[in-house]
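Chemist: Here the structure of chain U is known, so what remains is to put chains B and P in place on it, guided by the hints.
The primary structure of each chain is shown beneath.
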Amino acid sequence: MADKILKKLNIKVWRQKNAADKGRFETYTIENISTGSSFLEMLDILNNQLIIDGKDPIAFDHDCREGICGTCSLYINGRAHGPDTEVTTCQLHMRKFKDGETITIEPWRAKAFPVIKDLVVDRTAFDKILQAGGFISVNTGGVPDANAIPIAYDDAEESMDAAACIGCGACVAACKNSSAMLFVSAKVSHLAKLPQGKVEAKDRARNMIAKMDELGFGGCTNTGACEVECPKSISISNIARLNREYLKARFSE
Amino acid sequence: MSKFLTASIGRKFIMSISGLFLVVFIAVHLTVNLFLIFDDSGELFNLAANFMATNPAVKIMEPLLGLGFLVHILWSFFIEYENWRARPVKYDKKNTGISSSWASRNMLILGALVLVFLVVHIIHFFWVIKFNPEAMSTVVVGGEHMEDTYKLVADLFKSSVAYDIFYIFGGILLGIHLSHGFWSGFHTLGLSNKNWMSRLQIVGRIYAIVVAVGFSVIPLYFLIKF
Amino acid sequence: MSILDSKIPEGPLAEKWNKHKAGIKVVSPANKRKLEVIVVGTGLGGASAAASLAELGYKVKAFCYQDSPRRAHSIAAQGGINAAKNYQNDNDSVFRLFYDTIKGGDYRAREANVYRLAEVSPNIIDQCVAQGVPFGREYGGLLANRSFGGVLVSRTFYARGQTGQQLLLGAYQALNRQIAKGNVEMFSRHEMLDVVKIDGKARGIIARDLVSGEVKRFGAHAVVVATGGYGNVFFLSTNAMGSNGSAAWQCYKKGAFFANPCFVQIHPTCIPVHGDQQSKLTLMSESLRNDGRVWVPKKKEDAEKLRKGEIGANDIPDEDRDFYLERRYPSYGNLVPRDVASRAAKERCDAGFGVNAEGKAVYLDFKYSIERLGKKVIEARYGNLFQMYEKITDVDPYKEPMMIYPAIHYSMGGTWVDYNLMTSVPGLYSIGEANFSDHGANRLGASALMQGLADGYFVLPYTIGDYLADEIMTPTVDTNAPEFDEAEKSVTARIEKLYNIKGSKPVDYFHKKLGHVMWNYVGMSRNEEGLKKAVQMIREIREEFWKDVKIPGELDNLNPELEKAGRVADFFDIGELMAMDALDRKESCGGHFREESVTDDGEAKRNDDKFTYVSCWEYKGESQEPVLHKEDLVFENVKLTQRSYK
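Protein chains in written order, with UniProt numbering: chain U, 1 to 253; chain B, 1 to 226; chain P, 1 to 646.
Simulated from the structure, these hints should not be mistaken for lab results.
Which chain U residues stay away from chain P? Per the calculated CB distances, all over 12 Å, these: (1) K111; (2) K202; (3) F251.
Output of the computed footprint for chain P on chain U, the stretches with three or more beta carbons under 8 Å from beta carbons of chain P: (4) 44–55; (5) 65–78.
From the three backbone atoms N, C-alpha and C, an ideal C-beta is built for every residue, glycine too.
Okay, chain U solo, but in the shape it has when bound:
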C-alpha cells in the first residue's frame, strides 16, 4: 500500500573487475529508499551515488524491466531473483526488505556461466544449447496453411506453458548442481508437444543434451528448486518428459 521509506540499507555486493579478477565482496550503505522502488531502481540510485563519489558503479544485467526479456539475473539474499516468487529481479520491489537490513547480492554461480564483471555473467551457453537443436527445421516460405494441422487445445496449452521460459538462468543458479535441465526440458517440451516438432524430436533431445553436458552444467537430482525459483513457474514435469524423450532417442539407436 502506501510507500514507506527504508532509512538505511547495507548492500553487500560481489565486485569483480573482469573474468580474470578473483573478486571480493564490498558493502555499501544506501539511505532513504522508497518501498515502492524496484530492486534495480535501488541499484540505480546506489550506482549514481558511487559515480558521484568517484567509484566504479556496480555492473549488472537488465533490460526490459518488465519481467520478460530474461536479462536480469541477481542472486539476492541466497535466492535467485530474491525473496519473492514468480518474479524476475526487475519485478522485485523494496517492500520485500526491512529497514536496516544487509542485502547480499551475488552473480549466478555456475561453471557454465562465467562472470564477466561484477554481477554480469556470460550465458551464451544457453544460446549454444538451443543452437544444437532447439528449433524446427523449416525455411521461410513454402509451409502449409496455419490451420492445416489441428493441435489439441491441451497440447497447445502445455506447449505454451513450457515455451514461456525466458532463458534467465535462475534454474541453473538455484540448482545445487548448476543443472540446466529445466531450461533444456522447457524447449524440448515446447516443441515435443506440437506435431511439427515431433519430426526431429530424437535428434533434438540427443544433441541438446550432448551440448548441455559438454558446456559443464551439472546433472539433475530432482530437488525441484528450479521450479520454485523460476519466474515463469515452469514445471519440472518437463524434465520427466525430457528424460523420456532422451531415453526413447537413445534406445532407438
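Modeler: Frame of chain U, contents of chains B and P only:
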C-alpha cells in the same frame, strides 16, 4: 549406448534403475523382517529366513543385489563430484530451504549414513549367516533343521539399548532417503508427467513412512517387550 | 524526379507487390554465397531477416547489444499479431486490414506499403505455426482469434499475453538454426556505432565489443538496420532500458533521411510514475479496456482527498464518478484508439482530477465487470496482468481499481525507406520499428509485430536481391579501406571525448532532464511556443552534457555508463529533430496533437490540404540546420475522412 551411459541423463538413469531395484529389495526385506514381531516363537521368521537362504531365485538375485548396491553407491559419489564441479565458486549466502526439501539436497549424506548403517548391519547379520554359521544355533521348524536366525536377531536387539536405537535411526534415515529417492527414480526414467508427478510423490512419501516405521518398529518392539 | 524516389510500382494496388516481385532481379545460389549482409538488431525484424537471408544462401553477420539475440525488446509485446486470414468468417480481407491500418494511422502512411503488409500477413501466421509458435487454439484444434481496439473483425492471433515473446522465439529459433549451420555469424554484446560508406554505398559498420571495449570493423555488401525505436528519448517509456536510436541516427548522419520523427505513440494504459526515482514504465495490455471502466472523481475535492490518501477509490459513490471516456465518446466508450484515450486522461489530470499522489493517474475499474461476469471470468482473462500489477504496486486490482496513465510506447517515425525498404543510402536498409513506413501517425494494436515479421521474412529477402544482383562482382569488402580507418577513428574519438569530459554528473541526470523537456513540450500535447522552447532547452542540456557528464570505469572493459552516454548523446539530437518536425507539422494527426489544430469540441483536427506528406529530414552537418524534404502521400484507394469516435 556408450554415449548414453556417459551422458548426464544416462548416469542418472543408472542411479534410478539401481535405486528402484533396491526399493524392491527393501520391500521384500521389510516383509520378511516383520515376521520378527508377529511371532515371538521365531518360527515364522526362521521359515522365511530359511526360504530366502535356500531359494535358487534368491540365490541368483543375491549377487545382483550386491551389484545394485555397489553401482548405486559408487555412482552417487561420482555424480555428486561431477555436480560439485559444475559450480567452482560457491554462494556466500544460501537460502535453499524455501525452494527444496532438505532430503532432496542431501541425498549423498543420507546415502552415506545409510551406507555406514548397512556395513554395521551386514557385520551383525549377513556376515554371520553367510560366513560364520558355526556361531549360530540351529532349530527345528516343521521337521526341518535350520539355522536359528530369529535368535541371532532377537539376541542382538535384547543385548543393548544402543543397538536398538542404532537400528531405529537406520530405519528413519532410509525412510528420509526414500522420501525423495522413490519418486525421483520414476521421474528420471521419464515415468512421470504433470498429473503423475504429485501422485508418485505421495506414493513415495507413503512408502518412505512405511519403510521408516516398519524397520524401526522391530527394534522398538524388542526394546519395549524385553 | 524528386530527391525522394519511393519506387512504388505502377498498377492497381492489389497487383503492385506481385508485379514488383516479378520485375526485380534475383541472385543465383552460387553468387549468394559470395555476398555478405550485416543485420543489426535481432528483434522480430532483425532475427527474421537474418535467418531468412541465411537460408537463401547469403553470408550473414548479425549484431545485438543484448547478451543474447532472444532478449530484443520485441519480446515484451503482449497482445497479438494481426493477419487477414478471415478464419472467423467475419468478412475480413486483405483490403479490410489495409483499410483499418491506413485509417488507424490517420492517413499518414503509404498505401502501397500498407497494402503489401496486409497481403503478406497470412503468410506470417503460416510461417510461425510451422516454426512451432504455440498460438492460442480453440477446442477443435484450430487457431483462435481475439479482437483489438478500433477494428470490427477478429483477426488478432495471440499466445496468451506473451505473443511478442513467442514470435521472437520463433524467429530466434530460425536464427539459431542458421548460426549452427555456420550461415550466420552472431555478435552479441556488440553495439553498432557507425555505418561505413564506400563510393556512396553502405559497405559495413563499426561496432564496439561491449565486453572488451574493442572497436571493430565489419564489412559487407549490404547493411540492414533493424534496431527498433527511439522512445527512450523520453527517459521514461515502456521501451527496454537499452533500447536506443543510435544506430538509426548514425545512418541519418551518413545520409539516410529520417522520416516523421515527431510521430510517437503514447499508450494509455501504463502503470503511473511514482516518485522521482523511477527508471521504467510498465505497460498493461490494451485488452484490459475491454472489461475495465475508466474514471476520475467528478468533484475536485474528492480528487484532492485521494491525492492526500485521505480516502480510497471505493469511498467514492458511483454518482460521483466521471466515466469521461463514456461521456465524451458514447459510441466507442472505453475502446477509443490509443491516442484518443491518452489525451483524454491527460486532459482530466491537467484539469485537477488526477487520483494518485502526483495527480497523474486515472482509474481503470473492474468492479463493474466483476459484478457482471464474476471474479473467475475476469481472472481467466487477465489473471497474469492482475498479478503483475499487484507485484509492482502492492494493490489488489480485484478489490481496488487499477491506476493507469499514458506512457511513450512506440515510434512510428524512423529512417525513411523506399518500397524496397532501402534508405536513401544505397545498400543500407531499414526494417521494423526502425523505419517509418507502415503505421503513419498512429499505430493500431497488434500491427507492430506484423510489420517486423513481414519486413524480415517476406519483403526484405526479395527486395535486397534486386540490389545485391548488381554487387556480384564486388569482392569481399576490405575493412582496411581508408573509409573504415576514418569511421573507426571518428568512433574512437567520440568515445574518448565523452570519457574524458570527467565532469560531475552521471548520465542519468541529463537523460532525466531531457526526458522532462520531451514529455512536457514534445509529448502528448504540443504547441508552437512549447516546441520552440523545447528546442532551446534541449540545446542547453546537450551543451551542459558535453561539458559536465561523468563517465566512470574503463574504456577497455564492460562499461554500461559509457554505453548509456553514447546513446543519450544521440537522444539529444533525436529529441531536437522531433521538436523541429513537430513544429513543422501544424496539424493534429494520430499521436501528434497540436493545440493550435483542434475542432470546436476540442478533438484533433487534421489538415489534409497542407500536410498529406511524409517529412523527410536530411542531415547537413554538425551545426547546420537539417533540410526538410516532403514525400507527398497519394491516396487513390481510400477516401480521407476525419476520424470520429463520438
